Amino acid sequence: EDKVVQSPLSLVVHEGDTVTLNCSYEVTNFRSLLWYKQEKKAPTFLFMLTSSGIEKKSGRLSSILDKKELSSILNITATQTGDSAIYLCAMGGGSNYKLTFGKGTLLTVNP
Amino acid sequence: GAVVSQHPSRVICKSGTSVKIECRSLDFQATTMFWYRQFPKQSLMLMATSNEGSKATYEQGVEKDKFLINHASLTLSTLTVTSAHPEDSSFYICSARERRTGGFQPQHFGDGTRLSIL
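In order, the protein sequences belong to chains G and B. Numbered by our numbering, the letters in the first sequence go through residues 1 to 111 in order. Numbered by our numbering, the letters in the second sequence go through residues 1001 to 1118 in order.
Because the hints were derived from the structure by calculation, they are not lab data. Computed from a predicted structure; not experimentally measured. The beta carbon of each residue, even a glycine, is placed where N, CA and C say it ideally should be. A few of these clues could be false.
With a straight-line Cα cutoff of 30 Å, these simulated DSS-like cross-link-like pairs (lysine-lysine) come out [what the hints assert, rightly or not]:
| no. | chain 1 | residue 1 | chain 2 | residue 2 |
| --- | --- | --- | --- | --- |
| 1 | G | LYS40 | B | LYS1064 |
| 2 | B | LYS1020 | G | LYS40 |
| 3 | G | LYS98 | B | LYS1055 |
| 4 | B | LYS1041 | G | LYS3 |
| 5 | B | LYS1064 | G | LYS98 |
| 6 | G | LYS40 | B | LYS1066 |
| 7 | G | LYS103 | G | LYS67 |
| 8 | B | LYS1064 | G | LYS103 |
| 9 | B | LYS1020 | G | LYS103 |
| 10 | B | LYS1014 | G | LYS56 |
| 11 | B | LYS1055 | G | LYS3 |
| 12 | B | LYS1064 | G | LYS41 |
| 13 | B | LYS1041 | G | LYS98 |
| 14 | B | LYS1041 | G | LYS67 |
| 15 | G | LYS41 | B | LYS1055 |
| 16 | G | LYS56 | B | LYS1041 |
| 17 | B | LYS1020 | G | LYS37 |
| 18 | B | LYS1066 | G | LYS41 |
| 19 | B | LYS1041 | G | LYS103 |
| 20 | G | LYS57 | B | LYS1041 |
| 21 | B | LYS1020 | G | LYS41 |
| 22 | G | LYS3 | B | LYS1064 |
| 23 | B | LYS1066 | G | LYS3 |
| 24 | B | LYS1066 | G | LYS68 |
| 25 | G | LYS98 | G | LYS41 |
| 26 | B | LYS1064 | G | LYS56 |
| 27 | B | LYS1041 | G | LYS37 |
| 28 | G | LYS41 | B | LYS1014 |
| 29 | G | LYS41 | B | LYS1041 |
| 30 | G | LYS40 | B | LYS1041 |
| 31 | G | LYS98 | B | LYS1020 |
Covered stretches of chain G (in silico footprint by chain B; criterion: 3 or more residues with CB under 8 Å from a CB of chain B, positions within the stretch not fixed) [to be verified]:
| no. | stretch |
| --- | --- |
| 32 | 36 to 50 |
| 33 | 57 to 71 |
| 34 | 99 to 105 |
From chain G, some residues computed to sit far from chain B (all C-beta separations above 10 Å) [unchecked claim]:
| no. | residue |
| --- | --- |
| 35 | HIS14 |
| 36 | ASP17 |
| 37 | VAL19 |
| 38 | ILE54 |
| 39 | THR81 |
| 40 | GLY82 |
Build the full structure now, drawing on both the sequences and the hints.
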């Protein structure tokens, strides 16, 4: 059974701090790893990673995949209160494009 | 681009009522749509995969007769919760995968429907 584990489950930081969120996975047929940000409503897409060692970057957010270690990290630098959200890691595997989600990391950024 | 619209955003109704939720891809064609359920402080749980023009594929433990899914066109899928009971109260979210060749595409999510059964 495919499995995605995220850590930590929750994190409280101050504005300006840098955070690293972790995601590890077990999957029989890896296709991609995705990161989403969920605030009050539904998740918004951040990154999709398919190749190991290639960093994807968008502003203060970046992510990288390590297929050897079966893991990925999401970095957020110079955090702002608007970064407060649940960050979800999801694994895409198999031929039917299903995603298996981790439980998420609840990030709280205090002013 | 890649906007998914879900309607309604909130439903409050009496036990025994059937509730229909619509999921539309506004600016792309979606061969496949997905329906999730999310309980408070928990992650998304996939209920079923909806393929245009064919029957939905349900995850283990999800009752097909309870949660009816129809994907009649490349831009619309509907989830009907039949004879809803209080235990069906939850946050239901749909997502759509863009119809495109060449590998895995990310799913784009609607804003969700909060269903409350009294």
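Right, here's what the structure says about each hint:
Note on LYS40/G and LYS1064/B: the hinted pairing holds, with a Cα-Cα distance of about 29 Å set against a maximum of 30 Å. With a CA separation close to 22 Å, the supplied pair LYS1020/B and LYS40/G stays within the 30 Å bound. Between LYS98/G and LYS1055/B the alpha-carbon distance is near 16 Å, which keeps this suggested pair within the 30 Å criterion. Between LYS1041/B and LYS3/G, the direct Cα distance comes to roughly 18 Å. Compliance with the 30 Å bound is thereby established for this hinted pair.
Restraint check for LYS1064/B and LYS98/G: satisfied, since their Cα atoms lie roughly 18 Å apart, inside the 30 Å limit. Annotation: proposed proximity of LYS40/G to LYS1066/B holds, straight-line Cα distance about 27 Å (limit 30 Å). For the proposed pair LYS103/G and LYS67/G, the alpha carbon gap of about 20 Å is at most 30 Å, so the pair holds. Between LYS1064/B and LYS103/G the alpha-carbon distance is near 25 Å, which keeps this suggested pair within the 30 Å criterion.
For a cut-off of 30 Å, the pair hint linking LYS1020/B to LYS103/G stands: about 27 Å separates their Cα positions. Using a Cα cut-off of 30 Å, the hinted pair LYS1014/B and LYS56/G is violated, with the two alpha carbons roughly 47 Å apart. Distance hint between LYS1055/B and LYS3/G is fulfilled; the C-alpha atoms sit about 26 Å from each other, no more than 30 Å. The hinted pair formed by LYS1064/B and LYS41/G meets the criterion: a straight-line CA distance of about 26 Å does not exceed 30 Å.
Taken as a hint, the LYS1041/B and LYS98/G pair is honoured in the structure, with Cα atoms around 22 Å apart against an allowance of 30 Å. For the hint pairing LYS1041/B with LYS67/G, the CA-to-CA distance comes to about 29 Å; that is within 30 Å, so the pair holds. For the hint linking LYS41/G to LYS1055/B, the alpha-carbon distance of about 28 Å falls within 30 Å, and the restraint holds. For a cut-off of 30 Å, the pair hint linking LYS56/G to LYS1041/B stands: about 28 Å separates their Cα positions.
With a C-alpha separation of about 27 Å, the suggested pair LYS1020/B and LYS37/G falls inside the 30 Å cut-off, and the hint holds. Proposed proximity of LYS1066/B and LYS41/G is supported: the alpha carbons are some 24 Å apart, at most 30 Å. Simply put, LYS1041/B and LYS103/G have alpha-carbon atoms about 9 Å apart, close enough for the 30 Å limit, and the pair holds. With a C-alpha separation of about 28 Å, the suggested pair LYS57/G and LYS1041/B falls inside the 30 Å cut-off, and the hint holds.
A distance of roughly 19 Å separates the Cα atoms of LYS1020/B and LYS41/G; the hinted pair therefore holds under the 30 Å criterion. Only pairs whose Cα atoms come within 30 Å are accepted, and LYS3/G paired with LYS1064/B is accepted, the gap being roughly 24 Å. Proposed proximity of LYS1066/B and LYS3/G is supported: the alpha carbons are some 27 Å apart, at most 30 Å. Straight-line distance between C-alpha atoms of LYS1066/B and LYS68/G comes to about 42 Å, which puts the hinted pair past the 30 Å bound.
For the hint pairing LYS98/G with LYS41/G, the CA-to-CA distance comes to about 21 Å; that is within 30 Å, so the pair holds. For a cut-off of 30 Å, the pair hint linking LYS1064/B to LYS56/G is broken: about 39 Å separates their Cα positions. Restraint check: the Cα-Cα separation between LYS1041/B and LYS37/G comes to about 14 Å, which is no more than 30 Å; the hinted pair holds. Pair hint LYS41/G plus LYS1014/B holds up; C-alpha atoms about 24 Å apart against a cutoff of 30 Å.
Between LYS41/G and LYS1041/B the CA atoms are separated by roughly 13 Å; this keeps the pair inside 30 Å, and the hint holds. Taken as a hint, the LYS40/G and LYS1041/B pair is honoured in the structure, with Cα atoms around 12 Å apart against an allowance of 30 Å. Among the hinted pairs, LYS98/G with LYS1020/B is consistent with the structure: their alpha-carbon atoms are about 23 Å apart, no more than 30 Å. For the stretch 36 to 50 of chain G, the proposed coverage by chain B is satisfied: 8 residues have a C-beta within less than 8 Å of a C-beta in that chain, meeting the threshold of three.
Coverage of the stretch 57 to 71 of chain G by chain B is violated in this model, with 0 residues showing a Cβ closer than 8 Å to a Cβ of that chain against a need of three. Residue count for the stretch 99 to 105 of chain G with a Cβ under 8 Å from a Cβ of chain B: 6. That meets the three needed, and the coverage hint holds. Annotated as non-interface, HIS14/G keeps its C-beta farther than 10 Å from every C-beta of chain B; the closest such distance is 23 Å. Once the 10 Å rule is applied to beta carbons, ASP17/G is consistent with being away from chain B; the minimum gap is 23 Å.
No beta-carbon of chain B comes within 10 Å of the beta-carbon of VAL19/G; the shortest separation is about 19 Å. No Cβ of chain B comes within 10 Å of the Cβ of ILE54/G; the nearest lies about 15 Å off, and the non-interface call holds. With a minimum CB-CB distance of about 21 Å to chain B, THR81/G clears the 10 Å threshold, and the non-interface call stands. Separation of GLY82/G from chain B is adequate, the least Cβ-Cβ distance of about 18 Å exceeding the 10 Å criterion.
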